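Visitor: Here the structure of chain C is known, so what remains is to put chain F with the ligand in place on it, guided by the hints.
Residue numbers (full-length UniProt numbering), protein chains in the order written: chain C, 1 to 237; chain F, 1 to 319.
Incorrect hints may have been included.
[What the hints assert, rightly or not] Straight-line Cα separation of at most 25 Å, DSS-like style, residue types lysine-lysine; simulated pairs: (1) C:K5 <-> C:K104; (2) F:K47 <-> F:K25; (3) C:K174 <-> C:K221; (4) C:K5 <-> F:K171; (5) C:K221 <-> F:K25; (6) F:K194 <-> F:K171; (7) F:K47 <-> C:K221; (8) C:K174 <-> C:K104; (9) F:K171 <-> F:K115.
Please keep in mind that the hints were generated in silico from the structure rather than gathered at the bench. Everything numeric in this text was worked out from a predicted model, so none of it was measured.
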Amino acid sequence: MESEKAKILPFYVLIDVSASMSGDKLDQANRIMPQVVDALAEAPILADKVRFCVIDFGSDAQVRLPLCDVLDQHSSLPSLTIRGATSYAAAFRLLRSEIEVNVKQLKADGYLVHRPAVFFISDGEPTDPEHEWRTAFQDLTAGFPTYPNFVPCGVDSANPRTLATLIHPASGPKQMQMYLMEKGQNPADAIAAIAEILISSMLASGQSMAQGSSGMILPAKQDLPAGISAHSSDDFV
Amino acid sequence: MRSHTIGLHEVGPLGGQIGAGGQAKVFLAPAITLDDVAGPLVYKQYKPGHEPPHGLSAVVARRLRMDVMTRSRLDRLAAWPVRIVEQGGAVSGVLMPLIPSGFFENRVLPSGQPKRTLREVQHLFIDPGRAARLGMPAPTDAERLTVCRDFAAALHLLHRNELVIGDINAKNAVFRLDARPCVVIVDCDAIRIKGAAAVVRQLNAPDWEPPEDTLSQATDLYKFGLFVLRCLGPGPMASVSRDPARADAVLAPEGRKLLRASLSRRPADRPTAQDWGRYLDGLLIAPRRQSTPPPPPPAATSTPGWKRDPRTKRWVQAT
Ligand SMILES: Nc1ncnc2c1ncn2[C@@H]1O[C@H](COP(=O)(O)OP(=O)(O)O)[C@@H](O)[C@H]1O
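The shape of chain F in the complex, shown without the other chains:
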């Protein structure tokens, strides 16, 4: 049986620091490979006093017990802690797969300073024109639906494996638009195994509070509903909105019903991640079934890849 804990010395020399957050620093760990992890690894070193209590080992062990297929799907959908790292008998950090570079954006900040940042889902909630101006992608409606679809798939996989995400919020998932799956859940420390206590006490981010007090798969489903409405109805105040009508223009009647049920105060009313996945698949395969046609593409005057045919005066795809 593989051990879920390794010593810091086994991690070997660390590479460069690639990030820092409130509770940890993140380094490349180029010297170690694990036969159950496909890509490169990073070492997340908790700041003193920020080590999660025991419970983390259950989350790590849960992954190691999965069959190979499920585990590789999990690794594609979540930056899951794959080993606990100890030093002198105390937890110093965790190893995680490196989030693929497609989830990072090389952008230029308004001051002109270049910056490579994780593409957190919060960027999906703001006005698309503003996002573009700030150097971030401005996805189309179809791309947004695909993001929701892959988020639903990730949630379904976790729920099927008796896990509760707990703290779904604007920063705990990242997206890309050029490959599937297009969502990865990050910061998995707060994840909990159904029926067990959370690794770190599970919290609600502001503006993501569910109606009920105790976090469960049902509150994940409520928060997923908030994600869908904010992703599909971007713009001013979307990040704090709970009004399902914001997304009406993009959802067929069935989707509008699903979204309203997701935000129901009664946990039993909320559709599962699988229900959402099926519905979104249907929309993406047959977009003509939408009752409201998607808005026309933005004026193509400056869009590379299109040119006006001099004879017909129509826009045609440049080859």
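For reference, chain C alone in the conformation it holds in the complex:
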């Protein structure tokens, strides 16, 4: 009678921990994980649907919370600390290898796996050479069967034009979006607002996950928190 296999949505959050993130911004970034846990504690059957992973990136990238059920007793939340420069390339490469391993593992455990969802939060420009992070992003999104739905989020001095090129898919029925801090906002507040978007996306995606859906739902524009705007890739050409 257990006819269908259970379906899991792997949800990744990539957080910039370069030097410029120190202070209030990092404090807000550190609040994301406890907020995600609280949100799932209020909708605990979503733990049957969503697995959560946190990767931070500075001069290098590290898995801070391996993909897991965050309501599990044994998952403990790391705290993020500052680590130098802003290597987008390191973040993309690590994400790709994590997705590859995680999806294989979930399938081996008998789950159907939805296309992974990624929120990428940065406050600045990449410090590695452009061809390097572009190649890494290409490897993550093209010719990679389990490429993720990629949602870039920019605060402070992140470059909208750079981030817009990271929206993936950039077009078509399942096109993703980019979230940007509006000019003049406090960047730490903007990170808190992005956390809100990320959580409502996680809840909506988990709740609606059904056969055929992309497994990734973003909030409607009118439901966005103040100080944040949503863009599609053709807003910045």
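Guide: Quick look at chain F with the ligand alone, frame taken from chain C:
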């Protein structure tokens, strides 16, 4: 004859906002009393564009036509819309009875933040140890059977009155353990009168889809079967499970048969809510008739209310 529609001005000044959902905000409405509603009322204000189309009036009118006994039973089992509220000729919301405070949990979230939340039945589906860790109750098997029993009673009352719930799911019913009835059906906007169109198009929540396309009392009975199996067989993946064997440990052979029949692809096979109610009553009155004994209570080391008798070394109820 009582009118099923009132103007917003008749509701009077609103109290505090007590909730918000995808389609509405909910406020206390302390200034209005209705002679056909026993307790306090709340005003559910639809967000613009989320007002249910006509059909709502039939659901409200259906309640007003009930005899006093039936109506008061309905009000104890469902947060039913009791009046449509209009402003400037358009529906702005509905009045509903306030869900009693026993159905709310004052809990502490994992981050340490206190939160008062409705005790949605989804909390019955997760591992009981996890529920306790997350600040929610972890009911015993007997309590779970009682929840199923009262859910069956609510379903039976609605079905006997020609109503179809439609969207039974993990959030549309709430529970308490310290008083009966221990289940209230909430979010009744999707309820439909048999033979009429639904107020809002009736939907299936993900993981609650019945085998057939059209929602009816028979699909309510299928979904109730899913509820029983998920409530009695909690744990990882229970919220998406359709495997009746999950609940075998708690159900006697007759119950196992009922559950399998509830999940039958053939609507005619499914037992009624009344069949379930009778069976569960029997289990609750004579628990010894269960073929599988209920599991022993969890180690009582930290359970208040019990202490070890120093002479016999047995656990005894503290007085
Ligand atoms: N009758 C009621 N009594 C008390 N609280 C209520 C009542 N109805 C709704 N609420 C509160 O309001 C919240 C939103 O209501 P809900 O009906 O779920 O809205 P929506 O239809 O938009 O999802 C609920 O989660 C609950 O906390």
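Visitor: So which of those numbered hints doesn't the model satisfy?
Guide: none
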